[in-house]
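2 protein chains.
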Amino acid sequence: MSNQQLDQLRSQLDEVNLELLNLINKRGDLVKEIGQIKEQQGTNRFDPVRERTMLDHISSHNDGPFEDSTVVHLFKEIFKAGLELQEDDHRKALLV
Amino acid sequence: MSNQQLDQLRSQLDEVNLELLNLINKRGDLVKEIGQIKEQQGTNRFDPVRERTMLDHISSHNDGPFEDSTVVHLFKEIFKAGLELQEDDHRKALLV
Numbered sequence: 001m002s003n004q005q006l007d008q009l010r011s012q013l014d015e016v017n018l019e020l021l022n023l024i025n026k027r028g029d030l031v032k033e034i035g036q037i038k039e040q041q042g043t044n045r046f047d048p049v050r051e052r053t054m055l056d057h058i059s060s061h062n063d064g065p066f067e068d069s070t071v072v073h074l075f076k077e078i079f080k081a082g083l084e085l086q087e088d089d090h091r092k093a094l095l096v
Numbered sequence: 001m002s003n004q005q006l007d008q009l010r011s012q013l014d015e016v017n018l019e020l021l022n023l024i025n026k027r028g029d030l031v032k033e034i035g036q037i038k039e040q041q042g043t044n045r046f047d048p049v050r051e052r053t054m055l056d057h058i059s060s061h062n063d064g065p066f067e068d069s070t071v072v073h074l075f076k077e078i079f080k081a082g083l084e085l086q087e088d089d090h091r092k093a094l095l096v
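Which chain is which? The protein sequence lines are Z and A, in order. For the first sequence, our numbering gives the first residue as 1, with consecutive numbering after it. For the second sequence, our numbering gives the first residue as 1, with consecutive numbering after it.
The shape of chain Z in the complex, shown without the other chains (with noise of 0.2 Å):
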């Protein structure tokens, strides 16, 4: 019987990972898309004040079973990974 149990949860971890995959794409496209009108403004990539913005209306939503620490830990990694691809596309736009 737990085994059964067991091999269902699994596939439902299965599935929520690709979920996870596709938002963390979704995500890094629209970053993506921000990072190019921020380069054609000569705005700055980086916004510390936006990114601690974000922080607090996420960790303002989170019920768990996570801490706030964690969650704010993941979302910084995302957040970097994302400001790395803004900096590639930049540096591309420089090799144009």
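Check each hint, because a few of them may be wrong.
Which copy is meant is left open, because identical chains are indistinguishable; a pair holds if it fits in one copy or across any two.
[Claimed, not checked] Here are the simulated DSS-like pairs of lysine-lysine, each with C-alpha atoms no more than 25 Å apart in a straight line:
hint, residue 1, residue 2
1, Lys32, Lys92
2, Lys76, Lys32
3, Lys80, Lys26
4, Lys76, Lys26
If you are wondering where the hints come from, they were derived from the structure by calculation, not from laboratory data.
Guided by the hints, dock chain A onto chain Z, whose structure is given.
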């Protein structure tokens, strides 16, 4: 025009952030359930083979814009947070 576009993209980003938060927490709940079953079975919570299989499965579905290496890095952080959640549960179980 592009300021309005920026505001729109940012509001989309805020939505994606909250969707990500929900999925991360949904994943946390699943991982806790899996941990409880494994606890009953007396099997080890950390399963490097299963983790590798999940990472391969995720990478094989990755269409970007993030590189596989970035996706793997982010999911390793998410897995680590999940494992810590299971360990917290285990410690609480021991204290009861």
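Okay, the hints, checked on the actual structure:
no.: 1; hint: Lys32 - Lys92; in the structure: within (13 Å within a copy, 43 Å between copies)
no.: 2; hint: Lys76 - Lys32; in the structure: both (17 Å within a copy, 23 Å between copies)
no.: 3; hint: Lys80 - Lys26; in the structure: both (15 Å within a copy, 23 Å between copies)
no.: 4; hint: Lys76 - Lys26; in the structure: both (17 Å within a copy, 19 Å between copies)
No hint from the list above goes unmet by this structure.
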